[in-house]
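Visitor: Listed below, chain by chain, are the residues.
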Amino acid sequence: MAGRGNGGGPALALERVTCSFAAPGGAGKGKDKGKGKGNYTAVRDATLVVEDGEFVSVVGPTGCGKSTLLNVAAGLLSPSSGSVRVYGEPLAGINRHAGYLFQADALMPWKCALDNVIAGLVFRGMARNRAIGAGQSWLERVGLAGFGDRYPHQLSGGMRKRVALAQTLALDPAILLMDEPFSALDVQTRVLMENELLDLWSADRKSVVFVTHDLEEAISLSDRVVVLSAGPDTRPIGEYAIDLARPRDVSEIRLSPRFIELHTQIWRAMKAEVLKGYARQRQ
Amino acid sequence: MKLKVLQVGLLLAGFLVWHVLTSPTLLPPIYFADADKAAFFFGEPLAVLRRLAEWFTSGEIYRHLWVTLLETLAAFAIGTVAGVGLGLWLARAPLAAAVLDPYIKAANAMPRVILAPIFMVWFGLGMASKVALGVTLVFFVVFFNVFQGVREVSPVVLANARMLGASSRQLLRHVYLPSAMSWVFASVHNSIGLAFVGAVVGEYLGSAEGVGYLIHQAEGVFDINTVFAGILLLTAFALVLDLAVSVIEKRFMVWQPRAGETERL
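Note that the protein sequences, when read in sequence, are chains A and B.
Last residue of the first sequence? That's 283 in this note's numbering, and every number before it is there in order.
Last residue of the second sequence? That's 1265 in this note's numbering, and every number before it is there in order.
A portion of the hints provided could be inaccurate.
With beta-carbon atoms standing in for the labels, derived distance ranges [unchecked claim]: (1) A:92 - B:1095: 20 to 26 Å; (2) B:1101 - A:183: 35 to 41 Å; (3) A:130 - B:1144: 38 to 44 Å; (4) B:1099 - A:137: 49 to 55 Å; (5) B:1011 - A:130: 56 to 62 Å; (6) A:183 - B:1095: 35 to 41 Å; (7) B:1253 - A:249: 42 to 48 Å; (8) B:1081 - A:238: 54 to 60 Å.
Residues from chain B shown here face chain A by an in silico Cβ test under 8 Å; the list is partial [unchecked claim]: (9) 1157; (10) 1162; (11) 1163; (12) 1178; (13) 1255.
The set of hints was computed from the structure by calculation and includes no laboratory data.
Think of the CB as a built atom: it goes at the ideal place given N, C-alpha and C, for glycine as much as any other residue.
Whenever a hint applies, use it, and build me the whole structure from the sequences.
Guide: Here's what the structure looks like:
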């Protein structure tokens, strides 16, 4: 297990994180300077704490900097200000405790499914033939036994997501960062994948940050839902504990009264931000 | 199958027209006053084929073909390795790339065939000067493709590999290189052709062996049939090289979707 719980502290703590980017063309080339948009601040003063073993969903309107927060947590992006702590220790460089499931296809197209699954193990120095054993069993767990020799382009979108999931989980990360991982899938596949994710998660309760724009998905999966404000200057504006019993079935739980109650409550908070987000994008 | 028949038919028809128009006795002289002149300028297909047969039965041609093949392959290999190496380095070293940019553009814009005389002075009339010429032609094609290939690596794939724990050497081997190789293979038909051009032009300009040399010799004594025989031989040879490249490409690029199979990633 990748150093889980050492040093104490929450699995992930983002404190007053701000991320500014040079706006496209904003560095000021003559004419555009007048618009006064030197920088674009995607996230401002965002604080997010994820306890060990907690499943947290982050929801917000489109384009509000959800992925930015995740990239900060992953160590792919260092914040302009603020601090990131992983199990109490300040994060420098890539977050070695974290696995990241991307929104877009992130498999290496030149490696077959099995080689993709074991890539992380090989990068970390495991002997190839040992890694292959582990990779096969992971492919089995995500329901792709026998597809190991296929290349990504020969797999369907859902299968590619499963391979990516196996690739990330094979490293047994203590923290799992997921960026709208199922948003590109059709509804049926999505429900299947969500249930599979819950199964895999309940086996060893990793800490999960699940970014999505889909409130139903967020509620049905998580222990806690964090609502972000519309961008720019995104920050969390509300937190809701989800007290639905586990184990859950994502398609059934959506019909329970408590779910609907929570959904109404969170949606009320989100709606204003969604409308704000739309209005800003239209300008 | 029908296509093949038509293609071969077209070839035969071409030879037939060539034969009819150049044979001194078949048609009354239309354009040239002298009946032999057409054959003098354009050669005669039968004589050309006879010459080719002679080359192969006497075995004289093998030495020359071998030399040209070696020069082509050496130029291709050296040019490709150098192009991949420098491309990988510069694509990941933005400062060096920015500094060298105008020089690379200038070197690429220069008509490099003109370097042949210099290479002959430097490397002599043997194979080395032809290889050098071929390398200058191949290098830039490969270099630009690798450079592009590295820069166009999907940022998501790259971020994913980093999250999986790849060191910068592993990134090079598992991400940048395979991505660049797909671009190199896209240009490999082009670059093997250029290696061949380098070899033949080099031989033509000054050498003692090789198919280009044979053509040059024949031209010197107005032996137009031999010139045509050499040209035909080179064409066939280039086709064979291209075919070999296709076979290799198919084996190495299994991961790439064929056109129409699925979307490109």
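Visitor: Hint by hint, say whether it matches the structure.
Guide: We went through each hint and held it up to the structure:
1. A:92 - B:1095: 20 to 26 Å: holds, 25 Å
2. B:1101 - A:183: 35 to 41 Å: holds, 40 Å
3. A:130 - B:1144: 38 to 44 Å: holds, 41 Å
4. B:1099 - A:137: 49 to 55 Å: With a Cβ separation near 50 Å, residue 1099 of chain B and residue 137 of chain A satisfy 49 to 55 Å, so the hint holds.
5. B:1011 - A:130: 56 to 62 Å: Check passed, 58 Å falls within 56 to 62 Å.
6. A:183 - B:1095: 35 to 41 Å: holds, 38 Å
7. B:1253 - A:249: 42 to 48 Å: Since residue 1253 of chain B and residue 249 of chain A have Cβ atoms about 43 Å apart, the given range 42 to 48 Å holds.
8. B:1081 - A:238: 54 to 60 Å: holds, 59 Å
9. 1157: Check passed: Cβ of residue 1157 of chain B comes within 6 Å of chain A, closer than 8 Å.
10. 1162: holds, 6 Å
11. 1163: Given a least distance of 4 Å, the restraint on residue 1163 of chain B holds.
12. 1178: Result: holds, 4 Å to nearest chain A Cβ.
13. 1255: Hint on residue 1255 of chain B: holds, closest Cβ of chain A at ~4 Å, below 8 Å.
When each numbered hint is compared with the structure, no violation occurs for any of them.
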